[in-house]
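> Letter by letter, the chains look like this.
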Amino acid sequence: MKPKKFINQLNQNFEEILSLGFISEGELKEFSNFSTIDSEHLEGIVMRLYFLTLDPEKDIKFFINQYEENRYLYLVKITEEVWLFVMCSDSNFAKLHFFIKYMLSDVVIDFDDSEPQDEEKLTVEQEKLLSAQRIQQMLLPDLDKQIPSFKTRQLHYKPKDIVGGDFYWAKKTKTHEWIVVGDCTGHSVEGALGSVSVMSILNEVFYSNMNPHHLIKALHESLNNMQSQDLVDGYGIGVELMVMKYEPKTKTLKYSSNGLTLYLIDDRVRHFKTKKSSFDPDRVIKYIRSRTIHLDENRAVFTHSDGIPDQLNSEGKKLKTAKLRRTLGEGGDGNSIRQLFDDWKNEEIQTDDVVSIYLKP
Amino acid sequence: MNEELEELLEKLLGDYSDAIGIAFQSLELPIASHYGEKTDILEKYKDIPMMSIDESFNTSFNFIITEGGTIVIFFIKNLHFISVFVKNEMPNKELALRIYQKYAPKFEQLINRLYEAEKIH
Chain A
1 MKPKKFINQL NQNFEEILSL GFISEGELKE FSNFSTIDSE HLEGIVMRLY FLTLDPEKDI
61 KFFINQYEEN RYLYLVKITE EVWLFVMCSD SNFAKLHFFI KYMLSDVVID FDDSEPQDEE
121 KLTVEQEKLL SAQRIQQMLL PDLDKQIPSF KTRQLHYKPK DIVGGDFYWA KKTKTHEWIV
181 VGDCTGHSVE GALGSVSVMS ILNEVFYSNM NPHHLIKALH ESLNNMQSQD LVDGYGIGVE
241 LMVMKYEPKT KTLKYSSNGL TLYLIDDRVR HFKTKKSSFD PDRVIKYIRS RTIHLDENRA
301 VFTHSDGIPD QLNSEGKKLK TAKLRRTLGE GGDGNSIRQL FDDWKNEEIQ TDDVVSIYLK
361 P
Chain B
1 MNEELEELLE KLLGDYSDAI GIAFQSLELP IASHYGEKTD ILEKYKDIPM MSIDESFNTS
61 FNFIITEGGT IVIFFIKNLH FISVFVKNEM PNKELALRIY QKYAPKFEQL INRLYEAEKI
121 H
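Line order of the protein sequences matches chains A and B.
The first sequence runs 1 to 361 under my numbering.
The second sequence runs 1 to 121 under my numbering.
In case anyone wonders, no lab produced these hints; they're calculated from the structure.
Beta carbons are placed, not taken as given, at the ideal position from N, Cα and C, and that holds for glycine.
It is possible that part of the hints are untrue.
As the list claims (entries may be wrong) - Straight-line distance between alpha carbons at most 27 angstroms, and here's what the computed DSSO-like set of lysine-lysine pairs gives: (1) A/286 x A/318; (2) B/77 x A/171; (3) A/273 x A/171; (4) A/101 x B/102.
Said to hold, decoys possible - Here chain A is said to cover these stretches of chain B; the calculated rule only asks that three of the stretch's residues, wherever they fall, bring their Cβ under 8 angstroms from a Cβ of chain A: (5) 19-30; (6) 35-49; (7) 93-103.
In isolation and in its complexed conformation, chain B is listed as follows:
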């Protein structure tokens, strides 16, 4: 299952222009995975996405723009998120939306299977 997660992260990273690092982080599942460069930065910023979720769980993405790059956060079922480090300091919403629409269902399916495997439910 972890291999499947790594594979999906790798695919997303390949599809995302200027992205160099990617991480899967979760508040519920005891699993975290990362791939590529600058994943230490993604780790450093991981508290912000989780605290920025609105209470009705409608958030689907964040952009955190810092000196040197943008951290794009995709929320998957809101308690799990994918963060991507993009070298560009310009937030590209259209690209983020395209990537979100393409990958969110795939990650959601995988998370559902991870839940079953972990027997959390």
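So that you can see chain A by itself, here it is in the shape it has in the complex:
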């Protein structure tokens, strides 16, 4: 990708950028300054920080310096020779971070003046999709480490394309284990950008003493702030989440959701539907609460995104949730649901992204 094109794309998507450019071979390239800061002064700051980060022993990948209140200077190492710098006002830090990471993953910033060939452009697009997959997978947590109290952990995660909008997230604190299953609007790269943004926001807004519905509220607020800045024309992130907070010591599970269903399985199957926030998010989020259930080794919980019940078979019929409940009621677990899904889909195209999780202490 040409540096100018990269800079234009970044600049179009973030109103809060004050200046940006590249440093290649120790010199500023494609430097644009939209701020009131004197360009020479700005160049001085950028180069001072750039030389600070060059120490090979320290192996710095990113460096973020709060220059003034609401002014952040962001330096990103692209290769040993090329760095990107962005000075921006305070906004959604995670969004900028992941947008840059996504755009830069495996893309060669080419300072050569010749025009790229069509074949090269195609390869870059393909590489970008695979890079998006790597970024998404890098963010998905290791469940063995994050939720060790669940002796049975059956995860079914299958995007419709290489990447998708469904995701899972987990976090272990001193006293609790958190699990989030999420379904972002959109498939493929659009969905992936949504899920990557949501996962990064979850990491930002999470704190250990909160309840599950607080996490949904905090995420919703961040998304509202983020989307009021018109990220890209027609692009918006909507997300349905199931947030679970388990305390192994007391064997209690608190959960909250804005549209996904929780199944509690013991000698019968109970399903707790939650109100979907997609049509009236502000109202649903305003009244959302957490509920508590007892979850010991004789019980299990299961939750899933819409991709499972919405899967079409060869006759164009949906799988539907009733079959899931029946399977769980007949002693089935997460693996049984996966088998049911695969049998139903058979040779047909996958309808939507899929994520489900079955957990038993």
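Assemble the complex: chain A is given as a structure, and chain B must be docked to it using the hints.
Chain B in isolation, oriented as in the chain A frame:
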């Protein structure tokens, strides 16, 4: 006074998710203290925060993201700083701001008392 500093560092470390090591470093006061793990890394990187301060002393924090973790720097009165080693490689600005707002005044008060004790002023 040093015990008070250790106690405050320990509290901050306990409040900061994924943080495993913490250090107080100063350009003016002849005092340095650390607590937890990976404090050798904090020592290795300590020149960067001090050199990165802008001349008008408006900097309140830095993130240095390296292979294996993030070093979060909180500047307290700019000539003294707290560095925290966080295992996560994702810079979490919101958490850093919350921690900064909670602890910066406490450290500032303590530093003022340390100044008095050292009779630097």
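> Please go over all the hints and tell whether each is borne out by the structure.
Hint-by-hint comparison with the structure:
1. A/286 x A/318: Since the Cα atoms of residue 286 of chain A and residue 318 of chain A sit roughly 32 angstroms apart, the hinted pair is violated (cutoff 27 angstroms).
2. B/77 x A/171: violated, 34 angstroms
3. A/273 x A/171: The hint holds at about 24 angstroms.
4. A/101 x B/102: violated, 31 angstroms
5. 19-30: Coverage by chain A is violated here, the residue count being 0 at a Cβ distance below 8 angstroms.
6. 35-49: holds (count 3)
7. 93-103: holds (count 4)
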